[in-house]
Structure formats: structure tokens, C-alpha cells
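**Q** Quick mapping for you: the protein sequence lines, in order, are chains A and B. Residue numbering for the first sequence follows our numbering, beginning at 1 and increasing consecutively. Residue numbering for the second sequence follows our numbering, beginning at 1 and increasing consecutively.
Keep in mind the hints are simulated off the structure, nothing from the lab. Computed from a predicted structure; not experimentally measured. One or more of the hints may lead you astray.
The following residues of chain B were derived to be distant from chain A, with all beta-carbon distances above 10 Å [what the hints assert, rightly or not]: (1) Val-17; (2) Ala-88; (3) Thr-141; (4) Arg-162.
Covered stretches of chain A (chain B as the covering partner; in silico rule of three or more C-beta atoms under 8 Å from a C-beta of chain B) [unchecked claim]: (5) 4-11; (6) 119-130; (7) 166-174; (8) 198-211.
Every residue, glycine too, gets a C-beta built ideally from N, C-alpha and C.
This is what each chain is made of:
Number of protein chains: 2
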Amino acid sequence: MRDAYHEELDSIGEGLVEMARLVGSAIGRATTAILDADLKLAESVIAADTKVDDLQRDLEARAIALLARQQPVATDLRIVVTSLRMSADLERSGDLAQHVAKLARLRFPETAVPRDLHATILEMGQLAQRLMAKAAEVIITKDVDLALQLEHDDDAMDLLHRALFQHLMDDRWQHGIETAVDVTLLGRYYERFADHAVSVAKRVVYLVTGEHADELTQDGGRPGAGQTEPA
Amino acid sequence: MRDAYHEELDSIGEGLVEMARLVGSAIGRATTAILDADLKLAESVIAADTKVDDLQRDLEARAIALLARQQPVATDLRIVVTSLRMSADLERSGDLAQHVAKLARLRFPETAVPRDLHATILEMGQLAQRLMAKAAEVIITKDVDLALQLEHDDDAMDLLHRALFQHLMDDRWQHGIETAVDVTLLGRYYERFADHAVSVAKRVVYLVTGEHADELTQDGGRPGAGQTEPA
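Pulled out of the complex, with its shape left as it was, chain A reads as follows:
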């Protein structure tokens, strides 16, 4: 019985890794779609998000069934509850990748991103994808040091986000209001996506150490929170 139980726990972990893989791929593809004004690619990202949503619902149902059937305590209970939280982070990350793709679709055949910001948005997209790949690795390895690394990597996202705002505020900005609005939202989507990847990693830290990591995982308490507004 306990064996079947731990097999189910493992398969929930595998489901989380699969979700992380899907949303990591989604943010990378969405970034390509918006930089290349690739409508087909954007549509594929938008359509693929339902798979992430289905995976989350499935994981949640199984986690709750596990709580009901097995009534885990201590570490096992922490694992199940933390899985519920991680699946919510990952589902939300999928939404944010979808927002990027929807913006690409909205502006097609134009691109929402002016040439002089391609490099910054590309960096934000690549960093977001790397952060999620690391988060998946953290779920697999339960490596606390790697998990803590993500927070440091996320500082780079905050710097990119700030650079984006500085570029927007520059008097030489010539791309008009609509593009400024698009770029502002894009920056916010990438920054939030990164926050969720960090959050997933932090929840693993909580899982392994029992230390409550909310201060480190919520916007409200994060040093980077300030950068969600123009800085």
C-alpha cells in the first residue's frame, strides 16, 4: 500500500516536471513568435496551454485523492501540499507564456517589439526559459543550492526589466504609445514568469528544509518587487 503510495507521489513529481517542461518550451516559443511575428507559432503556443491546464487539474485531483486515501503526515504531507502549490505556479506560468503569444497574434503581421528592444526581450525570454528549466531540475534533484541559485539568476531578470523601463522612459523613444504599452506588458509577463519559476524552486527548499520560504517567493516581500513598477 505504502509502495503504491510512494509510486503515486513520484508520478505527481513527474507530472510537475512535465508541466515545467511544457511552460518552459511555451515561453521560448512565444518569445520567438513575438520577435519574428510568427502567427503559426503564436497560435501553437496559445493552443498548447490547454495541455498545461489539463495536467494541473489531473495533478490536483490526484494530490487530493492521495490526501483522502493515504492521509499522509509530516514530510509526505508537505510533499503533497507543496505539489499543489507548485502546480498552481506552473499553470500560471503557462498563462503568462500564452499572454506573450496572444500579444504576438494581436500585432501580427507587425511585431510588438521594436528592433532596438529585440535583444532585451530575447534575453528576457531566454532567461525565463532557463529559470524554468532549472526549476524542473530542482524538482527532480531536490538540490537546495541550485534552488537558491535561481533567486540570484532572477536578479538578472529584474535588471533586464529595469533596463526595459529605462529604454521606455528615454526621451529618444520614438515608437509611440501602443508599442510602449505592449513592451510594458511584455516586461511584466516575463518578470512574473520568472517569479513563478523561482517560487517553484523555493517551494522545494521548503520541502527539503521545512523552512517557510514565502517571504522569498512572494512579490510583496521580494527585493525585486520594486521592479514590477517602473524604476
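Go by the hints and put chain B onto chain A.
**A** Here is chain B on its own, set in the frame of chain A:
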């Protein structure tokens, strides 16, 4: 034992209502702070968010302790798991109110909101506060009809959000890029705050009916999702 248990369940519910009250007040005060460029009020909203964070941590700890000690099943289990999710929605709403207040602080002594958008931002702030007040009422009354009403009320937020973008995109916009960026982020904060209030209400629907309402509570699947991008 079961009595002490249900008392604890009730007190968790009361904690959620208190969180909803605090974040509802926070978004109202933050809106006043940004419209009046009231630094003291903004600071008070920013400082008060720690109380929301503390409440969430306390509720989570108690919910998990309850799972461990009482090992609830069926409806009782659903209540505890749903409480964990609602507390996350409410904590996040508090962050968003704090973001509005931080923007007020960032632009002080100026106001981030130009005169011709005061009415729209005021409406968004008031609607956000009303939605959260209704969400609290739904937690107390478990009134499914009222919960479903929130989704309808949220359509008004989507319309306001769209009106905001249309105003931004208007050729007559004379407030420059920085203000366009501020207004874009503000619109996003209010729209997300409203989403979380609706999400809280939807989770009560799930609690009462057992029907999984995620499609209705996540950006990805919400009809309003499109309005998170300029429309």
C-alpha cells in the same frame, strides 16, 4: 475532538474573511493614495501588507496542521485544501494593492494618473474593492448565486480595462510615455486583483458544488483574458 476540529475549520474561515477585508481596504486606500498623491496613505498601505502576509502564513500553518492531525476526507478535506488556495489568492491581491501604493509613492508629489483618467481609475479601484467585499460575503454565506454574480461583475472590470487601453491608444494622448507605462501597469494590477476576487468566489462554488471551476478562475481560460493585452 471533531468539535475542536470544526471550530478550527471555522476560525480558518474567519481568517480568510479577515484577509479579504484587509486587502479590500488596501485596494481602496491605494486607489485614493494614487489619485490624491497622498504619500502617507500610500506608505500605510505598503506597511499594512505584512499583516496580510502574516495572516496567510498563519492560516497555511493551521490548515496543514489540521490535515496532519485530523486527516479529513470528503468535504472537510476539500474545505482545507480550498482554504489554502483562497489564502494564496488573497495574499496575491494584497501584493497588487501594494503595487498600486508603491506606484503612488514612486510618483509623489506628482500623481501617476492624469486627470482625464481619474474617473476610470477610481471606478476600477471601487469595483475591485466591491468585488473583494462580495468575495468575503461569499466565504461567509457560501452563497453560490452571489459567487457566480462576481464573474458577471468582473466583466465590468474588463470593460474598464479595455476603455483604459483605448484611451491610451487615442491619438490625442498627450501625457507621454512614463504616464502611459504607469497607467498600463495600474490597469493590469486592478484587473488581476479582480481576477483573484473572482477566483476566491469560484473556489467557494467548487467547495459547495464539488464542480471544478478552474476554467472559470484562471486567466488562461477566462473570457476576460484577452483584455489583459491591449484590445
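**Q** Which numbered hints are broken by the structure, listed smallest first?
**A** Numbers 2, 5, 6 and 8 - these are the hints that the structure violates, sorted from lowest upward.
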